[in-house]
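Engineer: This is what each chain is made of:
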Amino acid sequence: MDLSVKIGDLELKNPVMTASGTFGYGEEYAEFFDLSRLGAVVVKGLSIAPKEGNPPPRIVETASGMLNAIGLQNIGIERFIHEKMPFLRTYDTKVIVNFFGDSIGEYVAAAERLSGVDGVHGLEMNISCPNKQADWCIFGTDPRVTSEVVGKVREATRLPLIVKLSPNVTDISVIARAAVDAGADALSVINTLTGMAIDIRTRKPKLANRTGGLSGPAIKPVAIRMVYEVYKAVKVPIIGMGGIMTAEDALEFLMAGATAVAVGTANFIHPTAAADILGGIGAFLTQEGINDIRSLRGTAHAS
Amino acid sequence: MDLSVKIGDLELKNPVMTASGTFGYGEEYAEFFDLSRLGAVVVKGLSIAPKEGNPPPRIVETASGMLNAIGLQNIGIERFIHEKMPFLRTYDTKVIVNFFGDSIGEYVAAAERLSGVDGVHGLEMNISCPNKQADWCIFGTDPRVTSEVVGKVREATRLPLIVKLSPNVTDISVIARAAVDAGADALSVINTLTGMAIDIRTRKPKLANRTGGLSGPAIKPVAIRMVYEVYKAVKVPIIGMGGIMTAEDALEFLMAGATAVAVGTANFIHPTAAADILGGIGAFLTQEGINDIRSLRGTAHAS
Amino acid sequence: MSRSFKAAIKENLPVHATHNLLSLSVPDSMPDPRPGQFFMVGMNRGTDPLLKRAFSLFRRTDEGLQILYRVRGKGTDILRNMKEGAILDMLGPLGNFYPLPSEEKTPLVMAGGIGIASVFSLIEDLAGKAIVFYGARTKEELLMLNEVKVYAKEVIVSTDDGSAGLKGTAADALRAFLAPQASDAHFCIYACGPHPLLKAVARMSKEYRIRAYVSMEEHMACGIGACLGCVVKTHDGFKRVCKEGPVMSASEIVW
Amino acid sequence: MSRSFKAAIKENLPVHATHNLLSLSVPDSMPDPRPGQFFMVGMNRGTDPLLKRAFSLFRRTDEGLQILYRVRGKGTDILRNMKEGAILDMLGPLGNFYPLPSEEKTPLVMAGGIGIASVFSLIEDLAGKAIVFYGARTKEELLMLNEVKVYAKEVIVSTDDGSAGLKGTAADALRAFLAPQASDAHFCIYACGPHPLLKAVARMSKEYRIRAYVSMEEHMACGIGACLGCVVKTHDGFKRVCKEGPVMSASEIVW
Ligand SMILES: Cc1cc2nc3c(=O)[nH]c(=O)nc-3n(C[C@H](O)[C@H](O)[C@H](O)COP(=O)(O)OP(=O)(O)OC[C@H]3O[C@@H](n4cnc5c(N)ncnc54)[C@H](O)[C@@H]3O)c2cc1C
Ligand SMILES: Cc1cc2nc3c(=O)[nH]c(=O)nc-3n(C[C@H](O)[C@H](O)[C@H](O)COP(=O)(O)OP(=O)(O)OC[C@H]3O[C@@H](n4cnc5c(N)ncnc54)[C@H](O)[C@@H]3O)c2cc1C
Ligand SMILES: Cc1cc2nc3c(=O)[nH]c(=O)nc-3n(C[C@H](O)[C@H](O)[C@H](O)COP(=O)(O)O)c2cc1C
Ligand SMILES: Cc1cc2nc3c(=O)[nH]c(=O)nc-3n(C[C@H](O)[C@H](O)[C@H](O)COP(=O)(O)O)c2cc1C
Ligand code: FES
Ligand code: FES
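Chains as they are written, first to last, in this note's numbering: chain B, 1 to 303; chain W, 1001 to 1303; chain X, 2001 to 2255; chain D, 3001 to 3255.
Isolated chain B (complex conformation):
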């Protein structure tokens, strides 16, 4: 059975990866299963300078989902390279580094610094962040800004470049096209939906940051729809994510058009989720007599 897939020039042994920010730098999960089983590990989003993140509370549970406002806390690219990469290099899996910036300059600097680091196989660019230069607009909600920042990063790296799209937009296919035209090798769909919860006793937002990102099974229908739309709009591989808890969920994403999938919030609930999902996908293929996982891709578009 052939489970391998390609994300641009990057060969993954199977289509199951982890979603950035839900798998730490891999270490925390190593005791629960062999990370070498994964198609790829995508690490927590990094920036050139370390970031402290938001004050607590940072997490609120919602119906079949959760809001997070971690505030992109991270140890910075330098420390990551020195403290975390040696560990990750010991596994036979691909390492994809998620990164972001507050400005185009920071994005470019991050991409440059990460390129050529031994064991970094690909970059995932998070464009759901506020652009401090341009009056706090979000990079990934305006096709022109998307195009500009992706274009500049494209010039700065030869690593496979995945652009991770925000779902908080009117038409995700427009942003998808802008990213691909600017040089993205693949797209990650979707990041979290912006949401909020209020504590009716204190009458204040439950998160210190007021709003947060909604993830988990609650958002799966939106994520599937967006993967389906992006698949129609562009030709590059899609990494589908948003609420994947089971192999069945992952298969839905593949049929909607994803080449690979990323497991996010599910890692928190079952630390072996990614491995279990991989196992379930294999079982499904066996059961349905399918030899090549790629033959499932986009099948929901037929007829």
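What the hints contain is simulated information worked out from the structure, not anything from laboratory work. Where a beta carbon is used, it is the ideal one built from N, C-alpha and C, also for glycine. Some clues are possibly wrong.
To be verified - With a straight-line Cα cutoff of 30 Å, these simulated BS3-like cross-link-like pairs (lysine-lysine) come out:
| hint | chain 1 | residue 1 | chain 2 | residue 2 |
| --- | --- | --- | --- | --- |
| 1 | W | Lys1084 | X | Lys2010 |
| 2 | X | Lys2083 | X | Lys2010 |
| 3 | B | Lys51 | D | Lys3129 |
| 4 | X | Lys2074 | D | Lys3233 |
| 5 | D | Lys3083 | X | Lys2074 |
| 6 | W | Lys1051 | X | Lys2074 |
| 7 | D | Lys3233 | X | Lys2083 |
Said to hold, decoys possible - Just the calculated beta-carbon pair ranges, DEER-fashion:
| hint | chain 1 | residue 1 | chain 2 | residue 2 | range |
| --- | --- | --- | --- | --- | --- |
| 8 | W | Asp1034 | X | Pro2014 | 39 to 45 Å |
| 9 | W | His1301 | B | Cys137 | 20 to 26 Å |
| 10 | W | Asp1118 | X | Arg2072 | 57 to 63 Å |
| 11 | B | Cys137 | W | Lys1152 | 27 to 33 Å |
| 12 | W | His1082 | X | Glu2103 | 27 to 33 Å |
| 13 | X | Asp2062 | B | Gln287 | 42 to 48 Å |
| 14 | X | Asp2062 | W | His1301 | 57 to 63 Å |
| 15 | D | Asp3032 | B | Gly76 | 34 to 40 Å |
| 16 | D | Glu3252 | B | Thr272 | 49 to 55 Å |
As the list claims (entries may be wrong) - Looking from chain B toward chain D, a few residues come up when the C-beta cut is under 8 Å (computed):
| hint | residue |
| --- | --- |
| 17 | Met1 |
| 18 | Glu28 |
| 19 | Ala30 |
| 20 | Glu31 |
| 21 | Pro55 |
| 22 | Pro56 |
| 23 | Pro57 |
| 24 | Ile59 |
| 25 | Glu61 |
| 26 | Ser64 |
| 27 | Ala275 |
Following the hints, position chains W, X and D with the ligands against chain B.
Structural biologist: Only chains W, X and D with the ligands this time, still in chain B's reference frame:
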């Protein structure tokens, strides 16, 4: 205790209404509680010409939510006035008629026909529908189109005009402002999020229509966030909805900035949901020693 | 009288690897259910699963009613794990019911698999008059067969694998029964089962000019006619399974 | 050794209107838990509630462990309704633990309300050495008091309403105890309870120069250090309650 609220010139005895499409024409629920208890009944969306709607399956359950693709099936405004209004007039509640069109002309015709009908107290305009004239764009996702259609409808009616916003947009406050500037007396926030689900056995979308509208508790965090944003953007009353199951949920919406709330999917699960939520709001006010429900409005905005 | 009520589980008895017989006690205020009607049953804490599930009246009992269900997904799996004393949030009885045949007609009742749940109480009410065509995949899945035999005039059993009765579907059995008969209107058919079975019944109904009532299934949200979710296409437009159905005339459906 | 395991409910005993003592049997592969550590417990079918809930080790038993919990919201309400034999999906033991005091120190252990759950096994391990300050809202909420007395050197009880012991909080009781003492370093404090109580402990710790360990609480998603959700502010930046905690030095927290 004063539970009354005003939606434009419309006085409601309390802030609990029903969400369009989830309460039929009121009849189906009359055996479960006295409809006169409600602040308002909002009926299933109507158009000038009756509509057959989409083929089945029209409903799919998702995690803490459901997708529907009813396809705006309705009996048409004429039959509604003759067959359903006499029943609704027997209740001491406000009747708000939700309507839509395929073109600006149809919106205007619907608003004109409904104006002056005995017992119709207000209109709710659903702008989350495709605009057949303009290449199937959705009326409510483009501020210029929103402005145009709301402006034309405003000229056609003197009834309180509520514009119901689509959440499938990058910045809902832009659409909100466009609607208010064009003459909306109030805004309903939010309609359903567009979503999709795939049957992995048949490898086809589960809904015959492929995509559908996501409602229920899953979307509440997005709805609260949008009410919060719209409250900052405009001065008109907001009717908050999206995943309200309990009085606590309704109170969150009021604190986020809503003047009234609409109970939607919850009606399907507990036919007495709207009445129960009203009771729970009263109990909360008593418990917290609040005399006037209006004093809760927007309290989550205080630093 | 209230169709919104709470029921207590008296017994939740496995009758097969994947099927349970659920005995409920219900408040007196619940209206009497009739054969063919159904209930919406909520079995969740939390909001997932969100919607209530539809189950037919299987049988009325002294203290309430019974439901025969097959474990299929999330909701029925939770239900299977519920114990005596647990409380279910219910709506019903809902929908229409099987119209009883006139005196001169012989009722032919067809059940495919779990379809028996819907027609069992009809067979009871027909008190020895019904000729029952009962099909299932295997002998083991012919649930409650002995009870059916008590109330039926005759039971013609079929299984897909031939492990009991005729090899084939209940529709095959019905056809084998009808073929040698004079094709006039002595009969009247009632059927519940998988879609292809009902479609086959509809074809025979037309061919032999026998009136057939079929119990339809569609995904439901409300169960009371409000959401317009559960429609099936008829020659007279979309009709709601929960309101104009679940029992419909085979001839009105666009198959 | 695996910190991801399934536990079976042996007993789920109400010890108060809103508190239960849960006895679990766990697989041998679970590492031995230490006082102050906690477990993430999943109690749901379906995806709501979604996240596991954090509960401290209350006591180790022959077949496994016990958790003492207060019914607070959705998750604990579901837990309360679970019966013997039910299976829980668990992670643990997680986090760090209370460092044992050196020989010459007298451990002062403070528990506010359900905070007793976290320090009980510490009191056990301190085998007759701990002076325990145990506060609750009312006499009835002084759960497991008799058991505490068995293992403590002395128990100083307080209640908000004065229905047992001193009227006031456990912090008040601790202050009353410390005030007449020489303010040197003979003591060492361990505390678990509501935030204001811990804050008061931190103040006394500084004032009397007594080292204090507090067990912190924050909303958690993963429990294993991956999500960065459970941080508290320390003088050395944000620290994760599930990884660098839950036990932290009172002096490092920015209160
Ligand atoms: C009028 C009517 C009467 C029924 N009577 C019985 C009965 O007596 N015994 C019995 O075992 N089953 C009966 N069914 C089918 C039963 O409703 C489904 O098997 C059940 O809803 C499956 O729920 P689940 O959570 O286990 O499955 P899931 O697949 O997890 O359910 C997901 C969603 O799909 C819906 N769904 C899944 N299958 C069906 C189906 N076949 N029909 C309608 N909705 C479905 C569920 O209600 C839910 O909303 C009846 C259905 C209808 C419409
Ligand atoms: C390290 C640690 C140890 C704990 N030990 C115990 C214990 O031994 N006994 C006990 O009764 N309680 C303990 N708690 C608190 C317990 O986790 C919460 O009471 C429980 O999560 C409430 O869940 P719920 O679904 O009933 O409440 P809900 O309010 O419905 O929960 C909603 C969400 O908020 C979170 N949440 C709510 N209250 C708290 C809280 N106080 N701390 C952290 N998250 C919270 C829940 O985990 C969930 O994600 C501990 C908490 C932590 C962090
Ligand atoms: C706690 C948390 C932290 C996250 N951090 C990041 C991040 O640093 N960078 C990023 O691109 N996405 C981040 N995400 C988004 C996820 O990678 C993923 O896109 C999203 O959660 C949807 O998938 P899920 O529903 O399976 O979790 C984060 C999500 C969560 C829940
Ligand atoms: C079955 C169904 C039908 C609906 N029909 C309409 C409609 O005709 N017009 C409209 O404006 N909104 C319609 N809606 C949207 C609801 O009024 C409401 O905005 C949405 O469901 C969010 O609220 P909820 O999560 O409480 O259901 C419909 C929703 C559902 C679930
Ligand atoms: S289930 Fe809602 S109309 Fe039938
Ligand atoms: S709960 Fe995830 S880091 Fe602590």
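Engineer: All the hints need checking, so say for each whether the structure fits it.
Structural biologist: So, going through the hints one by one against the coordinates:
| no. | hint | result |
| --- | --- | --- |
| 1 | Lys1084/W x Lys2010/X | violated, 42 Å |
| 2 | Lys2083/X x Lys2010/X | holds, 8 Å |
| 3 | Lys51/B x Lys3129/D | violated, 44 Å |
| 4 | Lys2074/X x Lys3233/D | violated, 41 Å |
| 5 | Lys3083/D x Lys2074/X | holds, 20 Å |
| 6 | Lys1051/W x Lys2074/X | violated, 34 Å |
| 7 | Lys3233/D x Lys2083/X | violated, 46 Å |
| 8 | Asp1034/W x Pro2014/X: 39 to 45 Å | holds, 43 Å |
| 9 | His1301/W x Cys137/B: 20 to 26 Å | holds, 22 Å |
| 10 | Asp1118/W x Arg2072/X: 57 to 63 Å | violated, 49 Å |
| 11 | Cys137/B x Lys1152/W: 27 to 33 Å | holds, 31 Å |
| 12 | His1082/W x Glu2103/X: 27 to 33 Å | violated, 41 Å |
| 13 | Asp2062/X x Gln287/B: 42 to 48 Å | holds, 46 Å |
| 14 | Asp2062/X x His1301/W: 57 to 63 Å | holds, 58 Å |
| 15 | Asp3032/D x Gly76/B: 34 to 40 Å | holds, 37 Å |
| 16 | Glu3252/D x Thr272/B: 49 to 55 Å | violated, 33 Å |
| 17 | Met1 | violated, 27 Å |
| 18 | Glu28 | holds, 4 Å |
| 19 | Ala30 | violated, 11 Å |
| 20 | Glu31 | holds, 7 Å |
| 21 | Pro55 | holds, 7 Å |
| 22 | Pro56 | holds, 5 Å |
| 23 | Pro57 | holds, 5 Å |
| 24 | Ile59 | holds, 4 Å |
| 25 | Glu61 | holds, 5 Å |
| 26 | Ser64 | holds, 4 Å |
| 27 | Ala275 | violated, 11 Å |
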